[in-house]
Amino acid sequence: MSTVEAATPAPEVPRRTSSLNNRARKARKALSNPWASTLAVVIAILWTLPTVGLLITSFRPELDIRQSGWWTVFGSAFAGEGVFSLKNYETALFDGSTNLAVFFVNSFVVTLPAVFIPITLALLAAYGFAWVDFKGADFLFIAVFALQIVPIQITLVPLLSAYVDLGINGSFWTIWLSHSIFALPLAIFLLHNFMKEIPRSLIEAARMDGAGHVQVFFRVVLPLLTPALAAFAIFQFLWVWNDLLVALVMGDLKTFPLTVRVAELAGSRGGDWHVLSAGAFISMVVPLIVFLSLQRYFVRGLLAGSVKG
Amino acid sequence: MTIRMASKRRAVALAATGASLALVLAACADTNDGGGEDGGGEATQATIDCAAYEEFGDLEGTEVNVYTTIVEPEAETQTASYKPFEDCTGVTINYEGSREMEAQLPVRVQAGNPPDIAILPQPGLLQTLVNDYDAVLPAPKQVEANVDEGWSAEWKEYGTVDGTFYAAPLGSNVKSYVWYSPSMFADAGYEVPTTWDELMELTATIAEGNEGATRPWCAGIESGDATGWPGTDWIEDVVLRTAGPDVYDQWYTHEIPFNDPQIVDAFDTAGEILKNPDYVNGGLGGVDSIATATWTDAGYPILDGNCWMHRAANFYQTQWPEGTEVGPDGDVYAFYLPAQTADEKPTLVAGEFIGAFTDRPEVQAFQTYLSSADWANAKALATPAGGWVSANKGLDPDNLATDFDRLSAEILADPATVARFDASDLMPAAVGTDSFWNGMVEWFASDESSQQVTDTIEDSWPKN
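Residue numbers (the numbering used here), protein chains in the order written: chain A, 1 to 309; chain B, 1 to 464.
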């Protein structure tokens, strides 16, 4: 009995993959068009150029940065002049009384729970909205979705005073909670859409086998969700890692992450702005690693969540 | 309150004045060599009279949170200057510097989470905090006594809102300076001008020898989201010189409109230099390049010989590239921006103020320390590389690190000096940190006339 039921969704899978393959074939054909390739290369160069400029700038001595553009290094390099130095990185990393390592650790302490908490909550909520029938589900889902349009700026002061009243300000909790609050609407929406895509028959089959919600969630839904989870995790990781506003408003001296430190690098009157490019690259290293190592999930997962069919 | 100095090892406290003077001189010599590897660490530390803080009771183990705009590297010398107080009382000072402080402080105040003490970079912020949030506490009597003793009535007035004295001044900046290269002047046989007419004559003389990108003046007003402020300083300095301090007071209090003919005149007088393509913008481009040149780098053409003079505040001292020697015989130095006559000394100043949001004994004790001459001297000793000065009368000029800082202290202490606070800091925020800045950008970049610019700024003045 159970084998019969379980076999039902089997044809689904080849159909989906074959349609995916069709799409991929079409895309490959369209993209191998020489014009399209040229355009793609041009766009790629244009988009990468500022980052390359920043990278080169970060290795130039202070006076050079102030007096000429980064593109001039090529001429000087051919002329055999020493145009690069590690001084900016040295200043950004080791100058000042506070150690950058503390801020690095803080960044991780802030980011990891701020990714884990909203994903956990959003998974449960999304499952509820997708597969548990209850009264007012649609209304509630629209309400959650609508929360996305609330700009976080207007919530800062009320939220902070709530934390002060609760007596938890100055701890990491305020930052974790804030990031979770701001991330949940989008997380629930994305994961819900992905869960809805799982064929109903699959869930029903599991229910027929006697699986409760908990078992369906862990045995059926969760394994299928991996790309969507990874996509959202990367998304949230990058957002929290690069966040300055929430860290600055909700945090204090003990919780400040790397972004706050980088923002201070320019000095009281902005005179040390030449260090900023180095600071930017130091804080960029981790998100870059995360993104590059997980990027295949990123594309697959985002498409899976947002486009139906 | 006697002030003695001691080496970092407090055990070998040196009481004799002669010995301590030698120590200070040694500290100067160190930095003059250009060695200054790390600032705060090697600084001599002042010993202070702890008796002043006994009346606040036993403060051992308490903490005071300070919130300020002063970040690294100046933050190091700030925290070093708190050391004598911490040693005396056992209070721990938690120092938090942020460039976003001016935006963050009102947020924290509204949320009921203010710091104990905030170092306010301008009186305008103090007024906002008092009038809009009712958050700052009036200064305790010990602080007021210190300020009455050490500061002039004008400085006390800047920390006063509607007759209540809130905030003691902390440091002072002198903005009426023209940076130049002493050796270039000596080689060309030019004298430092002592009147405005001499300054204009010198400018014309230099302009005759313009070659390539070389011009008598260079200027730049780009400063991120505060772009325009160096331009407002220029105008304020000229208003003080062409219209006089009384008109200046009426101007920032809006007793006369912003587009009053005397102010338009001042714009035009500044424009004779800043908008004359023969006079600007040495090594940087044409008149419009003033709007886009970064203020921190705008004086650098002096080092290449492309520019002769650059008007900038005393804190420009720390903006010069590493290895630049600042001094009467060094690579660069500054002279006082001359007034109409050599006897007049109108001077544009600025400074920070100490606002308190709580009144625990340790906070009041620390507030008292910051307003005292003891602190001013401790700060001077904690700043071996220079770049800091105070108008506190109790500050011993010998404790200052550089000739240039002593020059600033001299100007601040000179009885002939008529000090006026930076007007854009005193005007309503809609003008002082918005339309006045933008007006300066338009004046240079779009070549708007002085009348147009002042009219636009006058229209933006809040009406109530």
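Incorrect hints may have been included.
[What the hints assert, rightly or not] Where chain A lies over chain B, by a calculated footprint (3+ residues, C-beta under 8 Å):
1. 59-72
2. 98-109
3. 404-418
Calculated directly from the structure, the hints in this document are not laboratory data.
Only a predicted model underlies this, so the values are computations on that prediction, with no experimental measurement involved.
By construction, the Cβ of each residue, glycine as well, lies at the ideal position given by its N, Cα and C atoms.
Hints, verified against the model:
Counting residues of the segment 59-72 of chain B whose beta carbon lies closer than 8 Å to any beta carbon of chain A gives 4, which reaches the threshold of three, so the coverage claim holds. For a cut-off of 8 Å, the count of residues in the segment 98-109 of chain B with a CB near a CB of chain A stands at 6, and the three-residue condition holds. Given as covered by chain A, the segment 404-418 of chain B fails the check, having 0 residues with a CB less than 8 Å from a CB of that chain where 3 are the minimum.
When each numbered hint is compared with the structure, a violation occurs for hint 3 only.
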